[in-house]
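*Asks:* Spelled out, the chains give:
Number of protein chains: 2
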Amino acid sequence: MEKVKVALVGFGTIGSGVARLLLEEGPRIARGARKQVELAYVVDKDLKTKRNVTLPDGLLSDDLDRALNDPDVEVVVQLVGGTDAARSIMLRALDSGKNVVTANKALLAAHGPELFDKARQLGRTIAFEAAVGGGIPVIATIGQSLTANRIESIDAILNGTCNFILSEMEQHGSDYEDVVAEAQRLGYAEADPTMDVDGSDATQKLAILAQLAFGASVDWKDIPRMGIDSLAAADIQCAQGMGYSIRLVATARLGTAGLELCVAPTFVSEGTPLAGVQGAFNAVQIVGDAVGPLLLHGLGAGQNPTASAVVADLIDTLAGRTAITFNALNLWSKQTVGVPIRALREIPGRFYLRLDIETQVDAVNQIARVLQEHNTAIDSLAQYEDEESEDRAGMVIMTQETTEGNITDAVGQIEKLPFVQAEAVRCRVAD
Amino acid sequence: MEKVKVALVGFGTIGSGVARLLLEEGPRIARGARKQVELAYVVDKDLKTKRNVTLPDGLLSDDLDRALNDPDVEVVVQLVGGTDAARSIMLRALDSGKNVVTANKALLAAHGPELFDKARQLGRTIAFEAAVGGGIPVIATIGQSLTANRIESIDAILNGTCNFILSEMEQHGSDYEDVVAEAQRLGYAEADPTMDVDGSDATQKLAILAQLAFGASVDWKDIPRMGIDSLAAADIQCAQGMGYSIRLVATARLGTAGLELCVAPTFVSEGTPLAGVQGAFNAVQIVGDAVGPLLLHGLGAGQNPTASAVVADLIDTLAGRTAITFNALNLWSKQTVGVPIRALREIPGRFYLRLDIETQVDAVNQIARVLQEHNTAIDSLAQYEDEESEDRAGMVIMTQETTEGNITDAVGQIEKLPFVQAEAVRCRVAD
Chain R
1 MEKVKVALVG
11 FGTIGSGVAR
21 LLLEEGPRIA
31 RGARKQVELA
41 YVVDKDLKTK
51 RNVTLPDGLL
61 SDDLDRALND
71 PDVEVVVQLV
81 GGTDAARSIM
91 LRALDSGKNV
101 VTANKALLAA
111 HGPELFDKAR
121 QLGRTIAFEA
131 AVGGGIPVIA
141 TIGQSLTANR
151 IESIDAILNG
161 TCNFILSEME
171 QHGSDYEDVV
181 AEAQRLGYAE
191 ADPTMDVDGS
201 DATQKLAILA
211 QLAFGASVDW
221 KDIPRMGIDS
231 LAAADIQCAQ
241 GMGYSIRLVA
251 TARLGTAGLE
261 LCVAPTFVSE
271 GTPLAGVQGA
281 FNAVQIVGDA
291 VGPLLLHGLG
301 AGQNPTASAV
311 VADLIDTLAG
321 RTAITFNALN
331 LWSKQTVGVP
341 IRALREIPGR
351 FYLRLDIETQ
361 VDAVNQIARV
371 LQEHNTAIDS
381 LAQYEDEESE
391 DRAGMVIMTQ
401 ETTEGNITDA
411 VGQIEKLPFV
421 QAEAVRCRVA
431 D
Chain E
1 MEKVKVALVG
11 FGTIGSGVAR
21 LLLEEGPRIA
31 RGARKQVELA
41 YVVDKDLKTK
51 RNVTLPDGLL
61 SDDLDRALND
71 PDVEVVVQLV
81 GGTDAARSIM
91 LRALDSGKNV
101 VTANKALLAA
111 HGPELFDKAR
121 QLGRTIAFEA
131 AVGGGIPVIA
141 TIGQSLTANR
151 IESIDAILNG
161 TCNFILSEME
171 QHGSDYEDVV
181 AEAQRLGYAE
191 ADPTMDVDGS
201 DATQKLAILA
211 QLAFGASVDW
221 KDIPRMGIDS
231 LAAADIQCAQ
241 GMGYSIRLVA
251 TARLGTAGLE
261 LCVAPTFVSE
271 GTPLAGVQGA
281 FNAVQIVGDA
291 VGPLLLHGLG
301 AGQNPTASAV
311 VADLIDTLAG
321 RTAITFNALN
331 LWSKQTVGVP
341 IRALREIPGR
351 FYLRLDIETQ
361 VDAVNQIARV
371 LQEHNTAIDS
381 LAQYEDEESE
391 DRAGMVIMTQ
401 ETTEGNITDA
411 VGQIEKLPFV
421 QAEAVRCRVA
431 D
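As they're listed, the protein sequences go chains R and E.
Letter 409 of the first sequence, counting from 1, is numbered 409 in this note's numbering, and no numbers are missing.
Letter 321 of the second sequence, counting from 1, is numbered 321 in this note's numbering, and no numbers are missing.
I should point out that these hints are in silico values taken from the structure, not numbers from a laboratory.
Take the hints with a grain of salt, since some may be wrong.
[To be verified] Over the 12 Å line for every Cβ pair with chain E, so calculated as not near, a few chain R residues:
id, residue
1, Asp44
2, Arg51
3, Ala85
4, Asp95
5, Gln184
6, Phe281
7, Asp289
8, Gly298
9, Ala312
10, Asp313
11, Ala323
12, Val361
13, Gln383
14, Asp386
[Unchecked claim] List time: in silico DSS-like cross-link candidates among lysine-lysine, alpha-carbon distance up to 25 Å:
id, chain 1, residue 1, chain 2, residue 2
15, E, Lys118, E, Lys334
16, E, Lys334, R, Lys35
17, E, Lys35, R, Lys334
18, E, Lys5, E, Lys118
19, E, Lys3, E, Lys48
20, E, Lys50, E, Lys3
Glycine included, each C-beta is placed from N, C-alpha and C at the ideal position.
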């Protein structure tokens, strides 16, 4: 059986999981790859920190050049986070003639066109199953299994940290800050969870899925995005009272006017698949014109699930499947004409708004007038008492269908009303 | 772009769906296959029946030889049902140098070793995504995406007809016969639904998954199998009263004593993923040692979902991915040493039993004694009145963990007790 070498760059949590699989499950991997795979180099700047896998002596170094200059290295598994250093490592690996496997969604969302063009020019491949949905095979499903379909929509829970926080708030009635602290204690949230809770992470993943499923070239920063960091226990309770759960949902929907993309905390009806997603799980609901609705549900992060996806990509790359798929998909290529993306302000939706107001007799009138001026009809409106103050109240509004532009303008103006006390909380409401 | 010809053999419901995709979605398929695909032959004995797709003149014939003798035909899509004619067509297609795509699970479950050996000898491939789970990419997920994992268990709802019947009975409190008639009217059940409702169809699919995920060579007829045809509204109500739904579950579980395989109506706890599977949907829950629990949920039958999987296989075959996967998996090969299969009588489980009895004072004693003699402890037991007769009663027993052998022997003996009026209804109870 042919022998090949693999270099692992980035020896953090996922890197340790990948190294463990490569060191301990050689026969299993060789069966899939039809090659004997030697983990020949592990490269990281940090040579000191103890990881939960023991490497053979001499394997770990900070010398990337040595790994890239070894002509027997066929694949570089690139698990360095962030975008700048990761981009440079990826370009150098491709320039050295290596195929690359990565789990870095931020890198692909920021530099996909440059990296994929470079790989195509050099006849190399990039595999990235682990970049979206952790261990869930969402890239393979869309890129291979659903190729006979026109994808109509994707609705996905792509950030396990947010889902853990939301489902904990729901189950225990806890407030946002308390659950974030709990999530950090359990290792489900980073010390700085900003990129998770503000929706950036889910939006980067959505940008990748939009490219894969629709050929849509979009800068993730242009996708309308709301995080979960403004939500309070009151919002979860309101949702439950109306038969909804709140989930951070990333949506891509192909309408007649183009592809509608957004990431937002979303009211999903109890009993629907996305409402049932608990804890740190992820789920991706895809609708194709032939296959109908398809749901994939599993662990979207964590050492072992992510390593499972990385090693599957490595096996695909070594066995030759990746090259076929990579060339057929032609991702982030200037030659691919993807679907047009609908102007952000035109994306339709129904919305939930919660406002803190000073009680006054014409508050409802004034707010209703602003909404009406922005072509937004009210489906229901309710005030509830503020337990801490008689002079203040909460107001909850469910709108009928309007647009992102209308609701954004309306909310901006509502927040300027003198009796409105704080920024409005806004969620989308799923169909 | 290279042009290739494809022959479609079997122009029934699924064949019509495949023909429609090939005729109407040429550019989409060419993009995936990187070849222009011409549907050159449609072969069926029945040249008269009107299908819901219109073929170009001259495409449909009953002349299989003409298709197989055309050297430009690369792939035969074999959608003839049953086993005898289908086997002969498949062998002839392989002998003619064609790669084959099929949706026929009965054929693979019965003749997998012969067909796969033949394909390997001739350097051809067989693709069969559509044989299990319809449009759900379960074969690709296990065969490609989870190759870094040791699969620990599969619990699956693989028969949409049974799931439709069970979830209808649950929602409307209807009796079995009424729902079967309704399912036939809606086209969810065949005129003769025996292979569906007696569990044969699900068991054939489980045998294929056992081969794919565990290398287990098993005759599907040797797998312990119970159908749903003995269930009544009373069973559904009992289950609901205890917080369960009943689903026909196919299970493969790798224990220390070997692979445990069975198909049975199963009590699954409300709130678990399988309990949430409604109507004609299928679901496959896979646990891998790295990926953890992964759930795939979608339409397991029907013209378009199944055609989606067939055409995905066709694209994979034309693009070259199938050949790589086919050789790596080495399915149904004498060289592959799969896991041992646990003796059927030893397979552990908890069970639900419902008995119709003539009321008599020592009925519970006698039944309990038989169970005890077969090492089966009772977890709970309840009698309820028979509405039609004062002299009769229903008895419901939940056992603690025992084995298939013990429960089968015990039930056999219980059914011989003079006051037991009918065959016992038996379900498994999920962990």
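*Asks:* So, for every hint listed, does it hold in this structure?
*Replies:* Cross-check of the supplied hints:
1. Asp44: Fine: 21 Å to the nearest Cβ keeps Asp44 (chain R) off the interface.
2. Arg51: Consistent with the label, Arg51 (chain R) stays out of reach of chain E, its closest Cβ about 17 Å off (over 12 Å).
3. Ala85: 26 Å, holds
4. Asp95: 26 Å, holds
5. Gln184: Non-interface label on Gln184 (chain R) holds, nearest chain E Cβ at 22 Å vs cutoff 12 Å.
6. Phe281: Non-interface label on Phe281 (chain R) violated, nearest chain E Cβ at 9 Å vs cutoff 12 Å.
7. Asp289: For Asp289 (chain R), whose nearest Cβ neighbour in chain E is about 8 Å away, the distance does not exceed 12 Å, so it is violated.
8. Gly298: With a cut-off of 12 Å, Gly298 (chain R) comes too close to chain E, as the shortest Cβ separation is near 4 Å.
9. Ala312: Ala312 (chain R) is in fact no farther than 12 Å from some Cβ atom of chain E, at 5 Å.
10. Asp313: 9 Å, violated
11. Ala323: 9 Å, violated
12. Val361: 46 Å, holds
13. Gln383: Consistent with the label, Gln383 (chain R) stays out of reach of chain E, its closest Cβ about 34 Å off (over 12 Å).
14. Asp386: 35 Å, holds
15. E:Lys118 <-> E:Lys334: 12 Å, holds
16. E:Lys334 <-> R:Lys35: 21 Å, holds
17. E:Lys35 <-> R:Lys334: Given that 25 Å is the threshold and the Cα spacing comes to 21 Å, the pair holds.
18. E:Lys5 <-> E:Lys118: 22 Å, holds
19. E:Lys3 <-> E:Lys48: 30 Å, violated
20. E:Lys50 <-> E:Lys3: 29 Å, violated
Of the hints listed earlier, those the structure fails to meet are numbers 6, 7, 8, 9, 10, 11, 19, 20, in rising order.
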